[in-house]
Each structure stands twice: as C-alpha cells, then as structure tokens.
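**Student:** Read off the chains here:
Number of protein chains: 2
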Amino acid sequence: MAQKPSIPKGTRDFSPAEMMRRTYIFETVKSVFRTYGFAPLETPAMENLSTLLGKYGDEGDKLLFKILNSGDYAAGLADAEVRSASRICEKGLRYDLTVPFARYVVQHQGEITFPFKRYQIQPVWRADRPQKGRYREFYQCDVDVIGSRSLLNEVELIEIVERIFGKLGIGVTLKMNNRKILYGIAETIGHADKMMDITVAIDKLEKIGIDNVKAELAGRGLDDEAIAKLQPILELSGSNDEKLAKLREVIGGSATGLRGVEEMAEIFGYAKSSGISLPVELDLSLARGLNYYTGAIFEVKANDFAIGSICGGGRYDDLTGIFGMPDTSGVGISFGADRIYDVMVGLDLFPEEVNFSTKVLFVNLGAEECMASLGMMRALRDRGVATEIYPEAAKMKKQMEYANRRMIPYVVIVGSNELETRSATVKNMRTGEQRTVSFDALCDELA
Amino acid sequence: MAQKPSIPKGTRDFSPAEMMRRTYIFETVKSVFRTYGFAPLETPAMENLSTLLGKYGDEGDKLLFKILNSGDYAAGLADAEVRSASRICEKGLRYDLTVPFARYVVQHQGEITFPFKRYQIQPVWRADRPQKGRYREFYQCDVDVIGSRSLLNEVELIEIVERIFGKLGIGVTLKMNNRKILYGIAETIGHADKMMDITVAIDKLEKIGIDNVKAELAGRGLDDEAIAKLQPILELSGSNDEKLAKLREVIGGSATGLRGVEEMAEIFGYAKSSGISLPVELDLSLARGLNYYTGAIFEVKANDFAIGSICGGGRYDDLTGIFGMPDTSGVGISFGADRIYDVMVGLDLFPEEVNFSTKVLFVNLGAEECMASLGMMRALRDRGVATEIYPEAAKMKKQMEYANRRMIPYVVIVGSNELETRSATVKNMRTGEQRTVSFDALCDELA
Numbered sequence: 006m007a008q009k010p011s012i013p014k015g016t017r018d019f020s021p022a023e024m025m026r027r028t029y030i031f032e033t034v035k036s037v038f039r040t041y042g043f044a045p046l047e048t049p050a051m052e053n054l055s056t057l058l059g060k061y062g063d064e065g066d067k068l069l070f071k072i073l074n075s076g077d078y079a080a081g082l083a084d085a086e087v088r089s090a091s092r093i094c095e096k097g098l099r100y101d102l103t104v105p106f107a108r109y110v111v112q113h114q115g116e117i118t119f120p121f122k123r124y125q126i127q128p129v130w131r132a133d134r135p136q137k138g139r140y141r142e143f144y145q146c147d148v149d150v151i152g153s154r155s156l157l158n159e160v161e162l163i164e165i166v167e168r169i170f171g172k173l174g175i176g177v178t179l180k181m182n183n184r185k186i187l188y189g190i191a192e193t194i195g196h197a198d199k200m201m202d203i204t205v206a207i208d209k210l211e212k213i214g215i216d217n218v219k220a221e222l223a224g225r226g227l228d229d230e231a232i233a234k235l236q237p238i239l240e241l242s243g244s245n246d247e248k249l250a251k252l253r254e255v256i257g258g259s260a261t262g263l264r265g266v267e268e269m270a271e272i273f274g275y276a277k278s279s280g281i282s283l284p285v286e287l288d289l290s291l292a293r294g295l296n297y298y299t300g301a302i303f304e305v306k307a308n309d310f311a312i313g314s315i316c317g318g319g320r321y322d323d324l325t326g327i328f329g330m331p332d333t334s335g336v337g338i339s340f341g342a343d344r345i346y347d348v349m350v351g352l353d354l355f356p357e358e359v360n361f362s363t364k365v366l367f368v369n370l371g372a373e374e375c376m377a378s379l380g381m382m383r384a385l386r387d388r389g390v391a392t393e394i395y396p397e398a399a400k401m402k403k404q405m406e407y408a409n410r411r412m413i414p415y416v417v418i419v420g421s422n423e424l425e426t427r428s429a430t431v432k433n434m435r436t437g438e439q440r441t442v443s444f445d446a447l448c449d450e451l452a
Numbered sequence: 006m007a008q009k010p011s012i013p014k015g016t017r018d019f020s021p022a023e024m025m026r027r028t029y030i031f032e033t034v035k036s037v038f039r040t041y042g043f044a045p046l047e048t049p050a051m052e053n054l055s056t057l058l059g060k061y062g063d064e065g066d067k068l069l070f071k072i073l074n075s076g077d078y079a080a081g082l083a084d085a086e087v088r089s090a091s092r093i094c095e096k097g098l099r100y101d102l103t104v105p106f107a108r109y110v111v112q113h114q115g116e117i118t119f120p121f122k123r124y125q126i127q128p129v130w131r132a133d134r135p136q137k138g139r140y141r142e143f144y145q146c147d148v149d150v151i152g153s154r155s156l157l158n159e160v161e162l163i164e165i166v167e168r169i170f171g172k173l174g175i176g177v178t179l180k181m182n183n184r185k186i187l188y189g190i191a192e193t194i195g196h197a198d199k200m201m202d203i204t205v206a207i208d209k210l211e212k213i214g215i216d217n218v219k220a221e222l223a224g225r226g227l228d229d230e231a232i233a234k235l236q237p238i239l240e241l242s243g244s245n246d247e248k249l250a251k252l253r254e255v256i257g258g259s260a261t262g263l264r265g266v267e268e269m270a271e272i273f274g275y276a277k278s279s280g281i282s283l284p285v286e287l288d289l290s291l292a293r294g295l296n297y298y299t300g301a302i303f304e305v306k307a308n309d310f311a312i313g314s315i316c317g318g319g320r321y322d323d324l325t326g327i328f329g330m331p332d333t334s335g336v337g338i339s340f341g342a343d344r345i346y347d348v349m350v351g352l353d354l355f356p357e358e359v360n361f362s363t364k365v366l367f368v369n370l371g372a373e374e375c376m377a378s379l380g381m382m383r384a385l386r387d388r389g390v391a392t393e394i395y396p397e398a399a400k401m402k403k404q405m406e407y408a409n410r411r412m413i414p415y416v417v418i419v420g421s422n423e424l425e426t427r428s429a430t431v432k433n434m435r436t437g438e439q440r441t442v443s444f445d446a447l448c449d450e451l452a
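Residue numbers (my numbering), protein chains in the order written: chain A, 6 to 452; chain B, 6 to 452.
Wrong hints could be hidden among the right ones.
Identical chains blur together in the list; that is why a pair holds if it fits in one copy or across any two.
Claimed, not checked - Straight line, CA to CA, 16 Å or less: simulated EDC-like cross-link-like pairs of lysine to aspartate or glutamate: (1) 172 to 387; (2) 35 to 387; (3) 14 to 95; (4) 35 to 208; (5) 212 to 192; (6) 219 to 230; (7) 172 to 353; (8) 277 to 374; (9) 9 to 63; (10) 277 to 373; (11) 234 to 216.
What the hints contain is simulated information worked out from the structure, not anything from laboratory work.
Build the full structure now, drawing on both the sequences and the hints.
**Tutor:** Listed below in structure tokens is the structure:
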C-alpha cells in the first residue's frame, strides 16, 4: 500500500513558512481593497465548459483543465464520441477570474447594486507546460468596478496601486496608456483595421527596439508612408502633459484618439488632486495583450527588481457582452502574487513577524510545571499572543532546538525553582538574554 | 455568442454579502489557530489519483472528481481503454484535507519540524448527489498537530473549540469519547473483532434509541449475553468522573480499554487546570465514522440550533502509514464552515460591521466638489476607514439609494455651500441624523 507520494507537475505545496509570507501579501492587498469599499466575491473552481470555451482563444481552450463527467461517463456513447472531450466532460477548472466575474455579473444582474465593486482572490488552473515561474495552479488577485464609466474609478485603482506597494515596501512605477489612443494612432496613419497589429508591434518597442518594430510593422502590411507617420509617436518623450499635447497635435483628427487623450488628461488631473505621489508614466509602447480592453490600461513594474509586470489591468466596455449583457463598462487590475512574492524575497522586504507563527514557547519540564503554566498560557492567548507549550517533557536541548527551528523569539521556563518562587525565566532567543519575571508580570512582559 | 450563464450543479457563487460573513468566520477561526501557534498550510487542488484512490472506501473513489489528461488524452489507447477513467485521467480534485495533509507530511518529512502544528482552510470537491446543505464544492477548515502523543494536544484543541465558539457567540457542547474505550467495550463483551459494528450501532443510540440499537447489534451477530453485558455501558450516566469510574469497573479487564479511560481522565484533568469552562461531556454513544481514529474523539454541537455537529475530529496513530511513514501519531479537528454559517444566520449572531464593506460614501455633486473631496477621502483611508465616492454625479436620490442598498452607514455631502464654508454634511444613514462638520474635523469624526 505504501507509495512514494508526490504532487502533479506544475502544482505546489505551500509550506507554513511560504504561507505566512503569502498571507502577508494577500492580507495587505485585501486590507487596501477594503479601504476603498471593494467587497469580496468567490466563484466555484468549476465552471461549465460552455462558460469557458471560446473566451481565451484557441490556445486558451487547449489549456483548460476538463473534468470527467461523474459516474459512467462513456455510457451510451459510441467509441468515437468517447474520444471527444466535449462528450465526456461538461465542466472545467476556471482559467482566470475575469470570465467567471463576467458570468457572475450577468447571472446575478438583478441582485447586484451597480456600480459593483468587487475583489476576488482565488486560484486558477492552466495546463501550460510547467517551467520556472510558471505554474499550473496559481492565485489571481483581481479588483474591478463594473457599471460605471467614470474615470474616478481609474484614479482609485492608481491609488490602490500606490497604497499596496507602499505598504509592502516595493518601489514601483505605474505605466499607463489608453486603447483609444492606440486606435487613434492606427486611424491617423490610415490603418484603423490594423490597430491590433500595430499595438502588438509597439508593445515590443522596449524589448526589440525601434528598428525591429518598424520591420515587424512592414511585415504586417504597413507601407513606408504609414510607418513614417508613426515615427513621432514612437519617439514621444517628455512629461505626461507634454506627451498628451503632442498627441493632440498628431492624432487630433481621430475622434476616438482625441477622446483617449482627454481621458488620460482627466485621469492625471484627478490623480494630482488626490495627492498621489506614485510615479505614473504615459507610455505608448504599453499595449497589453488582452483584446477586451477599450480605454485606459495599466502596468506596474518594480523599480529595483527585474521580473516583468507585477500588476496590470485596464478599462473594458463590453466584457459582459459575451454572456448577453451589453454596454456594461468596467475597469480592473490584477496583482501577480507569485511575482510580488519573488520581489519581496529578492529585496528582503518581509517583516520579521512573518517568519514565525509562535511568539512564546513554554518549555515542558513535567506534569506539575505544565499544570502551573497552563493558566499563564491562557492569559497570554487572551491577549492575542501566539503561545504554545512543547507537548512532551523532552530534553531541554530538543525543546530549544524546536524553538530555534520554528524561529520562536521567546522561551519561558517554569521549573521547580520557578514554581517555588512563583516566577518564570524568559529567554530572548535572538539575543540569548535571560530574565526572571514573576508569574503576575509575565503577561505584560510578553504581550 | 450570447448564452444564459449558469454554474455546475452543487456549486455556489458567494456574493459579497455572503463572503463578508464567511470571511468573518474564517478570520475568527484563523486568529484562534494562530494564538495556539498553528501555522497555515496549502496543498494543490489537484492530487495524483494514486494519492487519492483507495483512501475513502469504494464509495469515496466514485465521488472523486477526475481531471482529463491534457492534450490528446485518447492517443494510442484502444477503444476499451478510453472507456476506463484510470487510463485517461491521472489527477483528481482533493476530496478532503486529511489525505493531502498526510501526503504532505510524508513527502516533506525531512524539512518539517515535529511536532508539526498546521491549519488548512481550502475547498474540497465531492461528486455527491447535490441536495439541501450538501454541496459538490465546500470549504474544510482543519487544524492538526502531528508527531506528538501528548494529551496536551487534545487539551489545546478543547481550548481552541471553546475560544472559537466563544468569539463567534455560539453556545456549544463538546462531546468526547475514546476509540480505545470503544475497543475495550467490544473486547469486554467478547467481540473485539466487532468493534466497528458495535461502534456504528452505538453511534445511532441518540437517533434510533436503545432498543433499536440492540436489534441492530443482534443483526450484526452479537448474542444475547454480549448485548446484556453491554447494557450498563449503554445506560452510563452521571459526571465524566462518575462515568470513568464505572468504566474502570466494567472494562478494566481490557488493557486497551483501561488505557482509553486513563487518557480521558488525564485530558479532563488538564482541562480543569487550564481553566476551561466549556461543557465537555464524555459520551460513549459518540463514535464518528472515520476509521483512522485510534484515541480521543471530539464532536461539537450548537446548544440552541438543531443542525448536527459543527466541528469534530480525533486522535489518529497511523494516518501517514498509507504513504509509508508509520508510527506518527497526530490529533486534529475540523470546523464545518457551512453549518457554522447557518447557525450564525439562524441565531442572528453576525456583528453589524460584517454587513457593509464601505463605511463612508461621499456623494458626487460634480467635478469641483469631487476634487475637494479627494483629499478628505485619502485622509480617511489613511486611518483605515473604508471610504468611496459615488463615481458619477448622478441624482442625489440615486446616490442615496446606492448607500442604502450597500448598507453604508455614513454619507458625506460636499456641495457648493460646503465648499465655501470648508465643511461637510455628515448623514448617519441608520438614524437619519445630519450634522455639519468642518473639513478638518471630518476625519476624527468618522474614524
């Protein structure tokens, strides 16, 4: 019956040490979401395949984990049918939180108070080839407001970014752009139909450089004249206001483009009134892959750690349209917990309290000493101090090793001497310092 | 493309209102776990089927959700093989948290510091027939210590039960028993081999009454003499100490039974020293279904709400043996979040703050007023007050309705009058009372 246990490739166990750090990140993120009035939502791990299929492109469809129908899944099916996943699976694991959110909003539209502000922190599953930093199960951490076109929502998200990374101690830069500006550019150079091609190419500006982008654009069917018109856009520089002024000039002939420019001007204006000090940079090379974005788009990078974007999102005008509820605009961002974790480990940003789950360990010297300790332990726990007693009266060395390995900062010793004098010895495990404290004072001392 | 969206049967969306209440329960539970030095653990949703199969009996095997292999699952398989789930699925969704915990402990035994105290709060999935109160996806909330035989661990779990239900405001009774006592009983009446039959029958004592239990025992092959010997056990009454005294008499001839009696005496003794005031009752009719229990067993019921057990668990001596790591004793309990939720709704125990996600709504009367509000909102959020502004300058009535529907307790109005006098009108939405407060005092007023 014994077997060497393992877990499926691409999945992870999170040990207590990892979980305490992850919990710190999630709690920080949630506390900020709540400060802005966002409320939690959870959707089931399994969705009907009909909800998921066709929402992530052909490639995404292939990466869905499908769940075999319960019972005799093959009953009544011909051999060829059993070879078709759609005949033997009705459900799949969620692939992201966005489609389930859209599904939820449409399904519950009668009960929801709009604008609907929700956050959602749950795992998602993708049958990607596992590789370093890419997992088949990972948490997404999304915050969205849906049912409002107001740009105050964008400003709120900027503030949330500022506040979360401020609390975590990660220096970041927020890059923004606007899909309407990107459309305006495409329209201005006479290739409105090629907006996505142009966008995808511009997105690579930082990675492959201006010449390669131009080559790629030519490859995607843009003539020299169009590429020449694009030149000032690719070379845009200066402050956000300067960039917006230049854009008004260049793409002002496109009504959509101009609207994008004015949206960004309004967002930057509100951000100033709001007292935001986070660096926010208008970056036209920012495109983001997801094609449901229609307005402002966001991307956050850590200043002092190379890892790609750690947060991103944007405005979408028709996410719920896929489920038959049109004209419901929303905006949201998603925090990348795994990458934020890596940044925090890399920059050593986790506070010390995150490293231990127990603050005080009572050494166990036998039944009588133990009985005497129980009341003190209760008093400490009443004050919220994480306290435990070593459950066996093992050798002192073993108990001290346990405290060290679990990084417990204080050890309390109640031996026969201490019992007589109604006092305890408190050892600070960091400094090695030992002090004698009366039973009565112990609680104040350690709380 | 439009489709009427729905979710798989037996699964649930948790709305913000439900999530806030659920979060309150989970946070309370976790805060107590942490007070006792338990640290969080998470394992993947998917386990290898080899880890799961055979651990829950034949019935359990059928209830596992299996995940179709990625890619061309049928490639190279004969038709008959494609009809066999074990050929097209390697992974399944976890069915409980216990087996993944045992798997984790065995897999990571080299890194773990024992005794290992962990809690784990994650969903599990079972392909049960959905019915009222039974779901295909539900959270389990487990706390275990493994690698210690000390009965102090049992006492700690009793304290945890007391503290959690105390914090939640649920009056409960803890029933305890000991599998060794049950074995001792079976041995004493000459049917040591029938311990599980006797246990299952005794478990029904409360439900079907003493006569039906006797009939069932006869049906399971016990002769009249054995049943007669069982009589004093079935009629045991009095205090825990009285019951233990009587048991020492009746089953004292069984070494195992006597050990069970002494274990319970020790646990009750420690519980007294620890100052536990929770009613703990030795109840021999308590058996609990899971056959891996080997010592103390626990079950908690709400005093004022009929719903079955809301928490239960026990001591197991060989859980990790299924994965090739013998002789590792542990003890743990599991909290039933869904039932606790129902009890709290039924008895109206959720505190008022759990009903709203935003404490202060700023009414939006236009761009200028809005700009003036942003700084105040930031100051409130700096103090942790959940604050939002209605994103559009909609009609006052609509904004007030929004506040009411979201149960927001305070609304702040900054209009042109207020702008001039640098003051805001604060409306208490519960009482209807309105006051004028200066910009400078607003924050103190509402924090």
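**Student:** State for each hint whether it applies.
**Tutor:** Checked hints:
no.	hint	result
1	172 to 387	between (28 Å within a copy, 11 Å between copies)
2	35 to 387	between (26 Å within a copy, 15 Å between copies)
3	14 to 95	between (24 Å within a copy, 11 Å between copies)
4	35 to 208	neither (31 Å within a copy, 44 Å between copies)
5	212 to 192	neither (25 Å within a copy, 76 Å between copies)
6	219 to 230	within (12 Å within a copy, 95 Å between copies)
7	172 to 353	within (14 Å within a copy, 36 Å between copies)
8	277 to 374	between (62 Å within a copy, 15 Å between copies)
9	9 to 63	neither (37 Å within a copy, 22 Å between copies)
10	277 to 373	between (65 Å within a copy, 13 Å between copies)
11	234 to 216	within (15 Å within a copy, 94 Å between copies)
Hints 4, 5, 9 from the earlier list are contradicted by this structure; the remaining hints agree with it.
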